[in-house]
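There are 2 protein chains.
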Amino acid sequence: MSIIVLGTVALDTVRTPFGIRKHMLGGSAAHFAMSARLFSNVNLVAIIGEDFPSKYIDFLRKKGIILTSLIKGKGRSFKWEGEYRGDLNTALTLNTELGVLSTFRPVVSEEQRKIKYIFLANVDPDIQRHLLEHMHSPKLVGLDSMNYWIHHKRRALLRLLKKVNIYVANDQEARSLSGESNLIKAAKCLYSYGPRMILIKKGEHGVLFFSDKFIFSIPAYPTDKVIDPTGAGDTFAGGFMGYLTRAKKINAETLRKAIAIGSVAASFNVEDFGLNKTARLTMRGLKKRLGHFREMTIF
Amino acid sequence: MSIIVLGTVALDTVRTPFGIRKHMLGGSAAHFAMSARLFSNVNLVAIIGEDFPSKYIDFLRKKGIILTSLIKGKGRSFKWEGEYRGDLNTALTLNTELGVLSTFRPVVSEEQRKIKYIFLANVDPDIQRHLLEHMHSPKLVGLDSMNYWIHHKRRALLRLLKKVNIYVANDQEARSLSGESNLIKAAKCLYSYGPRMILIKKGEHGVLFFSDKFIFSIPAYPTDKVIDPTGAGDTFAGGFMGYLTRAKKINAETLRKAIAIGSVAASFNVEDFGLNKTARLTMRGLKKRLGHFREMTIF
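Protein sequences, first through last, are from chains R and S. 281 is the number that numbering that gives the first Met the number 0 gives to position 282 of the first sequence; each next residue is one higher, with no gaps. 77 is the number that numbering that gives the first Met the number 0 gives to position 78 of the second sequence; each next residue is one higher, with no gaps.
In isolation and in its complexed conformation, chain R is listed as follows (with noise of 0.2 Å):
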């Protein structure tokens, strides 16, 4: 039960209405790991820079990630700052430095190149292809990207949805990519793109899935203690990935119960900044609000 993901471990500066928080641990590939390592073995791939505080290294290792692919580059880590506002749906880019990542190129181990479930987090397109085609057997592929890259790399990203299984997007990017407004058109436009799964991710609103077979729509887990919203799709993404890779089968039923561990995953990584909640966050909590969320929303 292994699974490998891609992504970034970065520095992030976060200032919402309940605070300021500096240089905390993110990164799309740390939020994810955080909620995966819950259902499988976690192998991180990713850069970090010279400057980046070796108690964070310690910290995952203690969560049990396996960071052989973890490579220090020579120079500054990947920075992000962002504010959020009012709502705390929409994160404000403040800053970002980029750093050792401008020049990062995946390696990973011949161990490695062997594991089945693949996630490829938010980095450049050229980079997340680097890595799938070094790995010899996938069987379940998700990609994960942003709205930079739909408009810089269009090519490049178009090119590579055509290699993986399921494509994870943000609302905002699904209607970027696709040009449609409406989410199902939306979902069924990425669809001829090449995967054969979509999963729209909507924040606040929930997540809905498409693939020929089903659709399935299921709201957020209701919280009032929305603290710092940064890596909740990332977070989402990790248990939705990570129960899969436990579950080894991909149906309908394995699928829409992925969906909902990685709402629920999601919920927690929202109420408090970073990585502090889902750091915390065990299988019997985990379980415990998903049994609140099924009460919550089936009629």
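Calculated from the structure, these hints are not laboratory results. Mixed in with the good hints, there may be bad ones.
[What the hints assert, rightly or not] Residues from chain S shown here face chain R by an in silico Cβ test under 10 Å; the list is partial:
1. 86
2. 107
3. 187
4. 190
5. 210
6. 213
7. 214
Just so it is clear, CB atoms sit at the ideal spot from N, CA and C, and this is done for glycine as well.
Once you have looked at the hints, place chain S on chain R.
What follows is chain S alone, placed relative to chain R:
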């Protein structure tokens, strides 16, 4: 099994990316009635003007709506003109002609005053209170309002909220009246104003229900045929209140089902202009989609 609805019967002109329709039959009470009629006898309380087309009155009568308290005032009918752009989520009001609505005082028969299920759709809170005071033995009172009254008659609205069981608001109204951006916090605040049940409609994102006993949240029924969302909220309320009227019991089970039924009814409403689709809706068609909806959301 009777319900009484106070609201508007209007002539709607709607522009969407799919075309323009002029002077269609519309209004909160008409949309409410068109879905509530599937479950109970609907007594409509509203005012129309001298210019109101008799074909619309015949149409409502043929649909089984009880029109003894649909009065004709001296002057012109209430008219609304709006436009939807892009994702069709937000209506842009181009023009409003109050006409006879500005002098409306609802009059109901002695027989109607005994009706126990009451819905006060969006009109001036003073008119809503006027009707409510005339009712002999309310069992379940639902109330809808709009931003205009929240800003211009806040006090009257707050006084009225103490006397209703269910406050139905869209997300924008809920945030505006409560001053809270998080919807759970908003619901808790609105609950403190009096109503023991709060229903927040989020358009394409579904519904959030809050009471002291439970929270319930479902997405909207996913449809890619959004042609004209006018009246979707009232159609929702009609299905919701109509079902509860028929169920007689108000408990967690009937409330959940009522919310799902309202959501499904609303999904039909948006798929064509005005009342085109809900006027043709049958119990069989509604139940069929309700089954699909359950499949789409269960995990």
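Going down the list of hints, with the structure as the test:
no.	hint	in the structure
1	86	4 Å, holds
2	107	33 Å, violated
3	187	7 Å, holds
4	190	12 Å, violated
5	210	12 Å, violated
6	213	7 Å, holds
7	214	6 Å, holds
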